[in-house]
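Novice: Turn these sequences into a full structure, and let the hints guide you.
There are 2 protein chains.
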Amino acid sequence: MDINGVLEKLHVIDSENRHLARAQSVLRWDQETYMPEKGVQERADQVALIEGIAHERFTSPETGRLLNEAGSTSENPGGDERLSALERDFLKTLRRDYDKAALLPGDFVTDAARAEGLSQAAWVNARQENDFAAFLPHLTKMIEFARSRAEYWGWKDNPYDGLLDIYEPGMGQDAITAVFAPLKDELSALMKKIAAEPRVDDAFLSQEYNVEKQADFSRELLKRLGFDTERGRLDISAHPFTTMLGSDDVRITTRFYPRQLLSGIFATIHEAGHAFYEMDLPHNLRGTCLADGASMGIHESQSRLWENVIARSRHFWEGMFPVLRSYFPAALDGVPIEGFYRAINRAQPSLIRVEADEVSYSLHVILRFELERDLFSGALNPADLPKAWREKMRNFLGIEPETDADGVLQDVHWSMGAFGYFPSYALGNLYGSAFWQKLNEDLPDTDTLIAEGNFAPIRTWLRDTIYVHGRRLKPPELLKTVTVGSLSPQTFLEYINSKYTGIYGL
Amino acid sequence: MDINGVLEKLHVIDSENRHLARAQSVLRWDQETYMPEKGVQERADQVALIEGIAHERFTSPETGRLLNEAGSTSENPGGDERLSALERDFLKTLRRDYDKAALLPGDFVTDAARAEGLSQAAWVNARQENDFAAFLPHLTKMIEFARSRAEYWGWKDNPYDGLLDIYEPGMGQDAITAVFAPLKDELSALMKKIAAEPRVDDAFLSQEYNVEKQADFSRELLKRLGFDTERGRLDISAHPFTTMLGSDDVRITTRFYPRQLLSGIFATIHEAGHAFYEMDLPHNLRGTCLADGASMGIHESQSRLWENVIARSRHFWEGMFPVLRSYFPAALDGVPIEGFYRAINRAQPSLIRVEADEVSYSLHVILRFELERDLFSGALNPADLPKAWREKMRNFLGIEPETDADGVLQDVHWSMGAFGYFPSYALGNLYGSAFWQKLNEDLPDTDTLIAEGNFAPIRTWLRDTIYVHGRRLKPPELLKTVTVGSLSPQTFLEYINSKYTGIYGL
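Going line by line, the protein sequences match chains A and B. Residues 79 to 584, numbered by our numbering, are exactly what the first sequence covers, in order. Residues 79 to 584, numbered by our numbering, are exactly what the second sequence covers, in order.
Hints are all accurate, no fakes.
Identical copies carry no separate label here, and so any pair may be met within one copy or between two of them.
Derived DSBU-like pairs (lysine-lysine); straight-line CA-CA distance at most 30 Å:
| hint | residue 1 | residue 2 |
| --- | --- | --- |
| 1 | K219 | K87 |
| 2 | K301 | K116 |
| 3 | K87 | K116 |
| 4 | K465 | K219 |
| 5 | K291 | K301 |
| 6 | K577 | K470 |
| 7 | K516 | K558 |
| 8 | K234 | K470 |
| 9 | K470 | K219 |
| 10 | K552 | K234 |
Because the hints were derived from the structure by calculation, they are not lab data.
Specialist: This is how it looks when you write it as structure tokens:
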């Protein structure tokens with residue numbers, strides 16, 4: 079077969095693999111949003127079966143043979159140098175995915191998928207009932223599956239590195255510690271300085287806010303941000319997430335609490351940031367394994383950029399606060415914009431990661447990183463997690479959750495076996511501020527754009543500068559291409575110090 | 079391998095086939111309810127791919143070999159006579175499904191599935207825009223796919239018989255004509271008698287009824303009927319349908335119009351009738367090809383029994399009318415229950431099948447049956463359907479639609495290639511009244527049960543008498559087992575004559 083015939087066949091294999099992954103996303107999205115309670119067992123079987131079929135088809139000897147024929151080997155994944163740069167990137171990425179998948183036995187993939195579905199459903203209940211013991215057997219199983227996965231990939235002595243590599247290729251435990259250590263120190267110091275200042279008044283945020291109206295406002299926000307509802311939607315789920323059901327079908331979820339005005343709204347914006355990345359991937363990568371984010375850290379850079387750098391800025395609310403006030407006139411009429419801005423940025427030790435301010439947020443992440451590290455080194459027994467959680471919360475933030483629902487059970491990730499994911503959030507902060515610095519060099523006066531609600535130039539810059547690469551560049555390459563720099567906490571720390579110096583007059 | 083090993087393997091193949099079919103149902107349900115507009119193309123690709131994979135796996139030589147090993151052949155599908163009756167029924171049904179599937183080429187299955195997805199989406203638009211021309215190419219393609227399907231199955235000279243056989247095994251064009259001819263005559267005669275009587279006043283049904291409240295009332299109705307929301311749900315779609323996403327996940331859809339109080343409510347009850355059948359299938363058949371309705375006609379007997387025989391009875395509204403009135407006091411406070419009962423049963427020629435009264439309903443079905451018959455005999459060109467539709471409407475009911483949206487474009491079925499399905503509705507009326515007659519012999523005083531809103535005994539009887547057989551018995555066997563009779567229009571005609579003699583004082 080000539081090389082074009084080989085590439086064509088590989089593109090079919092790749093595209094079928096994606097179609098199955100996205101069909102899975104439909105099943106999972108449905109499970110989190112609308113599925114009736116008792117559907118969970120059979121849904122787990124359906125997901126497991128399709129997962130197994132997808133794995134079996136993707137890792138068939140035919141795929142390996144075609145990759146070899148295209149000159150793509152594990153050592154030289156890009157294949158023949160006379161191919162176009164795009165095809166070489168395609169081969170490189172497909173080979174990487176293939177090698178990873180081929181190392182996992184089919185039964186393992188099916189069993190893990192089924193267990194994950196049941197585990198996630200068990201977590202939803204356990205969290206609701208504040209019952210860690212009910213979740214523990216699932217959690218233990220998830221840890222074992224994750225450990226085995228890393229071991230199949232060859233990370234026998236350091237399985238956690240293997241898991242981190244899924245979400246942030248090339249960033250192991252040591253590399254992350256090197257970045258997290260100064261971050262932890264500086265953020266802790268900043269938290270202490272802030273604690274010495276007078277409290278910011280944010281009591282008005284805990285009034286009763288009708289959840290229907292919160293949802294209406296969130297939809298209006300999405301519209302103003304340019305979220306295309308012909309290609310996506312917003313729904314409600316226990317834990318907010320973004321999922322791609324197709325190139326033209328990107329869905330986000332959120333949830334609303336009557337006495338927490340910020341929670342649902344900022345979750346919506348966070349997920350919208352993820353969705354923009356997926357929706358605005360370049361057309362020439364469509365339907366290939368390159369049509370994806372560069373890494374979870376880069377993905378989180380987008381969600382956290384929109385959520386925090388943009389939507390927690392004073393300028394953003396110059397345009398939006400009058401809109402918000404029109405939804406809740408009784409609650410917000412007496413609130414000046416400056417007071418609102420300070421309230422939504424109030425820094426204070428708190429229990430829930432997704433509700434945390436920008437200063438303490440990364441500390442929540444580092445806490446999880448350390449717990450994961452200890453779980454996989456064997457230093458920490460899963461049964462002891464609630465205790466370890468409380469201890470670390472005390473050490474990091476000086477507070478302790480009264481319930482596990484507000485502690486170790488608060489996040490969905492572990493229930494899905496997504497160990498190694500959490501660091502992406504803090505890395506996202508670092509990538510995001512580096513990107514934002516560069517964006518501000520390229521675009522004149524972003525403050526005014528944001529204040530005017532004119533987000534198109536920002537979305538266009540992100541699209542043409544970051545999204546355009548899809549998954550062609552690994553995170554360090556992407557960072558270098560965009561900012562000419564490498565990963566460091568400095569830009570983020572400068573941003574956060576300057577912002578909080580302003581808010582608290584430090 | 080011993081027979082138990084063979085059976086076990088066949089059960090795995092069967093169960094995987096079902097899981098894939100149900101995963102498809104999730105994708106299709108989502109497409110009809112929540113999918114963003116532009117997701118349609120990729121969704122069609124996903125559905126087509128999984129359809130192809132399911133077909134490839136189910137029709138693999140392994141399945142045929144195992145069936146043979148179990149002694150199940152096309153001639154003796156039940157296999158070894160020493161097997162249990164249940165296993166023999168399992169083999170019989172699996173062999174029938176396998177033979178049918180194996181005759182269709184894989185590419186054909188994939189292409190048809192993809193085309194159906196796109197066709198259905200095109201129909202939604204065409205109906206909205208009243209644009210038959212835009213739908214015609216899809217319709218033509220659907221007819222060709224259906225014809226090819228029948229031809230692959232060996233119905234070369236009479237493809238329509240092959241299509242009818244999908245939904246009502248053993249009922250060909252001639253057998254159906256034999257039942258439909260007297261039905262058509264008697265129902266037409268009854269329509270004429272009714273037309274000579276004074277009109278029933280149902281103007282109050284066309285007042286403005288808030289659709290949110292209609293939805294709330296429908297949910298309350300479902301609750302009172304015993305619809306289990308832990309195992310199912312109600313959503314909104316362009317065309318009401320019921321779908322099984324799992325043994326414990328049965329979903330129905332409806333839609334509400336502000337000026338048609340009855341439409342959405344009776345659609346809800348109709349679909350609930352389908353759902354009860356699926357939800358109450360016996361546990362010992364779970365996860366096998368026997369856990370299904372006996373035929374579409376039997377399925378429609380259930381939906382139409384609940385919708386009409388039960389929910390359009392006077393007794394039903396003795397209990398429910400006060401409830402309905404509490405949702406719409408302004409509109410219904412002056413309406414006496416007798417007036418309501420007469421209004422919801424008012425018989426009058428009308429354009430839309432799903433809104434038709436019980437007398438004219440079957441005439442709508444027979445009209446479609448005749449059109450399908452002519453399409454597949456070649457006597458009717460698809461492009462001439464709108465004209466043929468209007469002519470037949472004039473002949474059958476003396477009225478004509480002003481738009482194709484209210485005519486040939488009103489039903490979803492043809493857009494999905496489901497030719498041969500329509501007769502099931504009228505057959506459902508016949509089966510349903512036969513079952514109802516028997517139920518009334520077994521259960522004392524169903525009128526009182528219905529008036530008291532005590533539906534459990536009726537649901538239990540249906541479960542233990544009809545649903546218990548799943549797909550083990552073919553429709554004629556089931557009818558014989560339950561009623562000791564065979565298919566005839568008599569019981570239905572007696573029911574309808576007696577009911578309408580009462581309403582119109584004929």
